[in-house]
Structures are given as C-alpha cells and as structure tokens.
Amino acid sequence: MGKARKAQGYKEFLLILPFIALVAVFAYFPLYGWIYSFFDYQPPLPFSWDSFVGLKWFKLLFQNQSYVNQTLQVLRNTFAMSGIALLFSWLPMFFAILLNELRNAPFKKFVQTAATIPNFISWVLVYSVAFLLMGNNGMINSVLKDWGLIARPIDFMKDSSHLWLKMWLWLTWKNLGWAAIMYVAAISGIDEGMYEAAKIDGAARWQCIWSITIPSLLPTFFVLMLLNISNMLNNGMEQYYVFQNSWNREYIQVLDLYVYNLSTSKPPVYSISTALSMLKSVVSLALLFAANGLSIGVRRESIL
Amino acid sequence: MKSCKKSKKSIFLALAFAALIAMSLSACGGGASPATQAPAAPTTAPAAKTDAPAPDSAPEANAPAELPPMTLEVYSQPANFQGEQSGWTAKILKDKFNITLSIIAPQAAGGDIFAARSASGFLGDIVVLDNADIQSCIKSGLITDFTAEMQTLQSFNEYKPQLDYYNSSLEGAGPGKYFAWPTELTNTSPVSFSPTIPGVAPTVPWDYYREIGAPEVKNLTDLVSALKAMQDKYPTNSAGDPSYGITLWPDWDGTSIENVNQLTKWYGQEVNGSILIDTKGNMAELVDDAGAYKRILQFYFDANQAGVVDPDSGTQNWDSVNSKFTSKRAFLIWNDWQQGFWNTSTRGEAGENYMMLPIGDMLIYQPSDSYYGSGRAFAVGTSDPEKKERVRLLFDWMSSPEGLDAMHGGIYGFIFEDDPNGKGYVLTDIGEYALMDNSPVPDEFGGGLYADGMMQINQWMLAGAAINPKTKAPFAEEYWPTTLEKRQTLTTKEWSERFGAEDPMAYLEKNNQVGVVPFVNVSLNPDPSDISVIRTSCGPLVCDASWKMIFAKDQAEFDRLWNTLKTDLQGFDWAKLVQFDKDKYKALVDERARALAAN
Chain A
0 MGKARKAQGY KEFLLILPFI ALVAVFAYFP LYGWIYSFFD YQPPLPFSWD
50 SFVGLKWFKL LFQNQSYVNQ TLQVLRNTFA MSGIALLFSW LPMFFAILLN
100 ELRNAPFKKF VQTAATIPNF ISWVLVYSVA FLLMGNNGMI NSVLKDWGLI
150 ARPIDFMKDS SHLWLKMWLW LTWKNLGWAA IMYVAAISGI DEGMYEAAKI
200 DGAARWQCIW SITIPSLLPT FFVLMLLNIS NMLNNGMEQY YVFQNSWNRE
250 YIQVLDLYVY NLSTSKPPVY SISTALSMLK SVVSLALLFA ANGLSIGVRR
300 ESIL
Chain B
0 MKSCKKSKKS IFLALAFAAL IAMSLSACGG GASPATQAPA APTTAPAAKT
50 DAPAPDSAPE ANAPAELPPM TLEVYSQPAN FQGEQSGWTA KILKDKFNIT
100 LSIIAPQAAG GDIFAARSAS GFLGDIVVLD NADIQSCIKS GLITDFTAEM
150 QTLQSFNEYK PQLDYYNSSL EGAGPGKYFA WPTELTNTSP VSFSPTIPGV
200 APTVPWDYYR EIGAPEVKNL TDLVSALKAM QDKYPTNSAG DPSYGITLWP
250 DWDGTSIENV NQLTKWYGQE VNGSILIDTK GNMAELVDDA GAYKRILQFY
300 FDANQAGVVD PDSGTQNWDS VNSKFTSKRA FLIWNDWQQG FWNTSTRGEA
350 GENYMMLPIG DMLIYQPSDS YYGSGRAFAV GTSDPEKKER VRLLFDWMSS
400 PEGLDAMHGG IYGFIFEDDP NGKGYVLTDI GEYALMDNSP VPDEFGGGLY
450 ADGMMQINQW MLAGAAINPK TKAPFAEEYW PTTLEKRQTL TTKEWSERFG
500 AEDPMAYLEK NNQVGVVPFV NVSLNPDPSD ISVIRTSCGP LVCDASWKMI
550 FAKDQAEFDR LWNTLKTDLQ GFDWAKLVQF DKDKYKALVD ERARALAAN
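From first to last, the protein sequence lines stand for chains A and B.
Quick note on numbering: numbering that gives the first Met the number 0 labels position 299 of the first sequence as 298, and the sequence is numbered without any gaps.
Quick note on numbering: numbering that gives the first Met the number 0 labels position 344 of the second sequence as 343, and the sequence is numbered without any gaps.
Next up, chain A with everything else stripped away, as it sits in the complex (with noise of 0.2 Å):
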C-alpha cells in the first residue's frame, strides 16, 4: 500500500514538474542578476570578480541627499499613482453590477465588448490618439479655435496639473472592461435560488444588489485588493514612458520607469538599476504580508 502511494506521489510529481521547471527558469533563474547590483558591470567588459564593490550603489542610494530625494519622489508618484487606483478599485465590480442588471442582452454584449476593447490598444497607439486629439494642432485646439473660443492653442500635453488624475482617467478608460471580466465571472456563480427567494420575499432590486450581489463579490474583491495593494511598486511603465516629457517627469516618473530610464539611458548604469528593483521587490513584499496582516485582523481570512 504504501509502496503504491509512493508511485501515486511520483506521478503527480511528474505532472506537476513541467511548472516546477516553468518557474524555476523564468521565476528563480533571474534572480541570478541581481548579482549585478553588487558589482561594477560594464559592457562589453566581461563580467569578472575584480569588479565586486559590495554594496557601493546602496550607499550611493541612501547617502546621497539628492539620489535620496530622487528615490522619494519616484516613490512618491508611485505611491500617489497606485493609491488613486487603489481608491476607485471598486469601479470594475461597480461596473459588472451595472452590466448585470441591463436587461437587453444584445445591449449589454455591445457595452461590455466596447469597454474591454481598449485594453488590446498598445499605449504607444493611445499615447499617439491622445497627440492627435490634444496636441497643439490636434482636433480639441482645432475645433476651439475654429469655434473662437480659444486665441492660442491649450498646451494640454505639457500640462503637469492633476497629472495623477488623468492618468488614472486614461489608465480606467483602457482597463475597466478588462477589470469587470472577473466580477461579471462571480456573478454568474452566485446561486440564482438566492435571487428567487428574496424576489418571494419582496425584496426590491437595488435590494438584491445590496444584499446579495455585492456581499457575494467582496471575497473576490479583497483578494483582488489584497494582490494590488502588494503590486502597488508595480503600476508597470509603458503608461507613464509614452506620455513623459520635461514638463510632466517630475510627476508621471514612477519606479518602473525610472530603473527603465536609468538602465536605457547614455551611458546606461545596469548595476544601480538592478539595487533599485531589487529594493523594490523587498519593499513589494513587505507590502504584501503587511495587507495580508491586514486581512487577516479584519475578515480573519489570509490569502497566503
């Protein structure tokens, strides 16, 4: 018997090995590099003991007050950034909730697929809508012009004021759709007996909604916030790289970008972006156990 349950372990091992290797490879294996945060590494120079320096580029981090100023104001715009998101992340549930309740269903698939679509749109093509649109010879400044409104053109992309908020609007534009996939997934779990016994009951629609709709979804959506809120460094840079420019970096710089900028710039400085991102992976980290802390002290549940 316990040999058989042997053989049954090897199997299931085996099956599960192709993702052990997945992750090993594309999870584990990069963590190799940041091996270059502790040397002097500069191309095309081979990489060689000689060029250990410890933890220089970590004491250039912190010491510096100008670095360290740097590091809080990328930080700062992370933060800003991600919390705004953060705020409005009941937007997608709210979203589904809305769609569910739409009766024509031809409607409803029209809204729904209308909504999902710009999340395929790359950013560089929204980045170039948004010049088309809002540039100073765009069709906003065009029209105001030819309407008399206007005597010189509004210099929307230069603008740096509610910065975070509109990129927020633009980040919600390509995402909401997106977002409501999974609640519009819950919904259609959630046992239908229960509607019909609250519909024998009496209960109204926004009635249904706020009793059972919506307590139905907030396991999915804490989880869901749980795993933001430890993503919160990661808000990605493809958003920020296409709409940065002189007027606007002080603001719109966040942490992705700024380890891109530093590692794409002339000459790039590999090393001190690779202590950066890895201070980012620990800050995430802590992140995440400090939500699921959180989790756990208010619903008594952990994700982890």
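Everything labelled a hint here was simulated from the structure, so no lab data went into it.
Where a beta carbon is used, it is the ideal one built from N, C-alpha and C, also for glycine.
This list has only true hints and no planted wrong ones.
Listing some non-contacts, in silico: residues in chain B with all C-beta distances to chain A over 12 Å:
| id | residue |
| --- | --- |
| 1 | ALA172 |
| 2 | GLY280 |
| 3 | ASP383 |
| 4 | PHE413 |
| 5 | THR481 |
| 6 | GLY499 |
| 7 | GLU590 |
Partner residues aside, some chain A positions facing chain B, computed with beta carbon under 8 Å:
| id | residue |
| --- | --- |
| 8 | ASP39 |
| 9 | LEU44 |
| 10 | GLY134 |
| 11 | ASN136 |
| 12 | ASN244 |
| 13 | SER245 |
| 14 | TRP246 |
| 15 | ARG248 |
| 16 | THR263 |
| 17 | SER270 |
Based on these hints, arrange chain B on the given structure of chain A.
Quick look at chain B alone, frame taken from chain A:
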C-alpha cells in the same frame, strides 16, 4: 498537521515571492525583446539569379562561382535599419563576393542589444562602433587582430599614416598591429575643410528672406525679428498647415538638448558631455553663464516669446519634424544635411532653396575634414579564417574607388555616368532626384527602391570628401564639379549678390567668422561607472530644465529655472563630472594643437 500546513504556506510564499521578482525583473529588461526583426523591404528575387549574369558584368562573373554563399553579421552602431541588406547594394555584394549582409542596428533594436550580444561573446562578424567601444571590445576579446589582412587592402598604403595613427592609440593592440579602420578617412588635410557650406549654420528659405526685405541680421535678436516677419507673412505653408520659425524635438537629447548643442557651434563652442570646448581649445562647464549653451537657450526663449517656436516642440518626435521640414513648415534649419529635405535644382531656379543667413556676431565652430577618421571604426569580430577572408574582400571593395563610387555616388549607368566634358562623373536626370523620391531601381541593377537599397551599414571607410584617384574629384556626388555647377541656381546667384561671396564657406572665411578645428580622432576612454551614474542622473535634470526654460513664461522664470538647475546639479556631483570631462577631453585638445602645429 501543523508542519504540513506550514510547508504548504511556505511553498505558496515562495511562489508568490518568485512571481513578484519575475514581475519586477521583467520590468527592467523591457527594451531588449525585439531582437529579431524581419527585413521590411521585399526580398529581391533578381539578386539570387546569378547563373545568368548580364554581359556587362562578365569580368566578375567567375568570382562567385568559386566562393560559397556566406552571410556576414554586421553590428553597426550608426545603422538605422535592422535586417538583411536588400536592393541594388545587395545585388552588387552577391554578384561580386556571394555575400549577404545581415545588419544588427542598436538604433533600431535598442541599446541593450550591445550588452546582451557582448555578454554572449560575439558581437558580429564585422563591427562598426564608437572609438571608446572599439577600445573596450579589444580588451574583452570581441574584436580580432586583422593585421595581415588589413595590409593587403588596395587603399592601405595611401591611408597608412592615418591607420597607424589610430591603431597605435589603441590599448591592447600592440605596435605594428592593425585592429580597426577608422570611419570616413580622407586624403585631403587634417586642418582644412573642403565642403562649400559649413556643418552647422543658420539657414532659411531664400524666397521668404528676400520677401521680408532681406534685412541685415547683426545678432540673434535680429534673427528672431526676421523669423517673426517671415512667420507673419507666411503663417501657413502652401497646403494650409501652420508654419513656424523654429521647430524643435526632444528625441535626440542626451546630457543636454541636442537642438541647443548644435547651435552652440554658431558661437564657437561645441558641447562635449558636460563641457563646452571652443575653437582654441578652452573649456568651460556646460552651464557656464557666459557660455553658448545658455545663450542659445535664451535665443529659443526669446523666439518663443515672439511666438515663432512651434508649440509642439518638446512633445513631438522626429517623424513629425521630418514631415514639417519636407513641407516647409519650419523656417530655420541648421545642419547642412537638413537642406536635403527641401533644396532641389528646380526650387533653386525659382529662388526657393534654403540658404545660409549669416549673423553678424557669429563665429562658426567647424571641425575639419575627417582626415584621421570621424570617431568610429570598422573592425572584425570573427576569427573563422574563411569568414575573415570574405570580410577582407568586402573591406577591400569598401575602401576602393569602385566600392566608394557605389556607396557615395550610386549605381553607375543609372544614377551617374561619365561626364561627356571630361569632368569626372555627372548625375543622370534620374540620379538627381533618386534619393529624395526613393525612385524604383530597374531589375537589372537589383530592383527595389533606390534609397532603401543603399548600404545599410550607414558608414563609410573613406569619407565623401576624400579625393577619388580615378576622377581627381571627391567621392560624394554632392561635391562633384558637375554637381556644384548644376547647383548654381537663381538662389545661389542672388545669395552671392546679396552677400558678396561665392558660397557660404567663402563668405565666412572672408569675414573671419569660422574657426576650423582639426578633426583629430583620438580614442577617449569610456566612463567608469561612477561617472556614468552622475552623467545619467544629471542628463534629465539639464534637459528638463532647458525645455522648461525655452517655454518659460517670462525672463524671471527663465533665470530662476537656470539658477535652480545649477544648484540641483551640484547635489549629483556635477563638479566631479565636469572635472572628469575636462581631463578626458584634454587629450583631444592637445592632439588638435599638435595637428595645427604640424600642418
């Protein structure tokens, strides 16, 4: 039970940890992915049909029969195109040497490709790199010794002094060894400048200038007024699109704004990293209050105050600027090559070409002919003897009059032909517009489009200004006596009458408004990482502040931004960078002095 739960938990944790790291790491490697790119141009079928050579190419027809087909990888820093060389140049190389070139272009694929390929131990069979990279690649063994092969090249003896000069400066090459061939050598002189227009000079549409009354421009303030007058008279181009006195773009910015860097040469200083070097070799920091960098920022600021700067400057990219230049939507241009966007003989005859507009107080910083090379070099990365031999054949052709005629002139018999009056070569009617129109090339020459089929390495072993021993005229078609004659148009005639000189260089020399600086080609060491970090941190500060200054709302804001910049820079050890650059470029300045003394 508890331990089981714990281990489960830790596996999950480990996975979550790994996923996070993968996410964060993938973020910093974002630029390296598009390593392979299919060639954009359709593959040219005629190039493969070597079994039936045209009668006129009979002498070379036996060569490819002996040579097996071979693909050479060319890592070219200056290339703008990545993929397989196609079109008429591909046909020549296939017919003569049975070679296909596969171009790797960091400018198209992203700079990370340099680190990635050099880490793999092989950059390319042929490499074209900046001097500093040539030096590091020799040290790291990515470039092989080419001494024996180099000495057999047919132009070797003529250019031996320049080759000796360059190779002896390379660390790790050893005496008497030849590792690299500097790009764009000339056989003219290290202290003179051959072309008739300077590299960088204020240049405006001649008809517009004439129509605002051809005013005298004594200084930059007058230039702003002149541009304003032009823009008031021509607020749109003929198609009705808005035109501007000046249009700028941020794509090419480095440690400072490239559009400013170029114009500092109007006032005798060149930007090199964090410092300004003048024609006499004096150095000053980039953010010097009396320096040309601030002066040009002030000029752009004044121009913007006068409303003649394109408001999209700073957020547009080079592609949209390109279309503005070709449709006359920007009046002020500065680089000599920018004239190619508009000037033609026909427009010249109508008086519509762009021409230099001299400013009374300018002193043009003009590097001489690239006698010793232009700052990059060709070298060989393969150590396979068969490949090396084929590279030798290719280099021999690329440094020979025959190859240079093809690369600087075009297709003999289609783009250019022998001048009936015996003045060397002359462009055909098609040849005159082939580049601008990207004309189709007949199948007998390889088909495809003319500009697309040009050598995509985008760099030459000998410069266009070098003298062709066959014709005794420069290699490049724009310097041929026949071309210069053709370019004499109503525009140049009226210009000569107005300014009393035959051509722009003659005017500048007559008025002592040009300082020719010997173009020495010394290999400067690459930055150590500490310096790279400072440079990388200061660059965005300088560029962001400069752009904001140009578009500042008043002079007070302009001054405040400048002072803030100077303070902010100090926090990132700017002074250390300036000192480093001064020491680094001292070698260059010393060599210039030596070249001047020797000639």
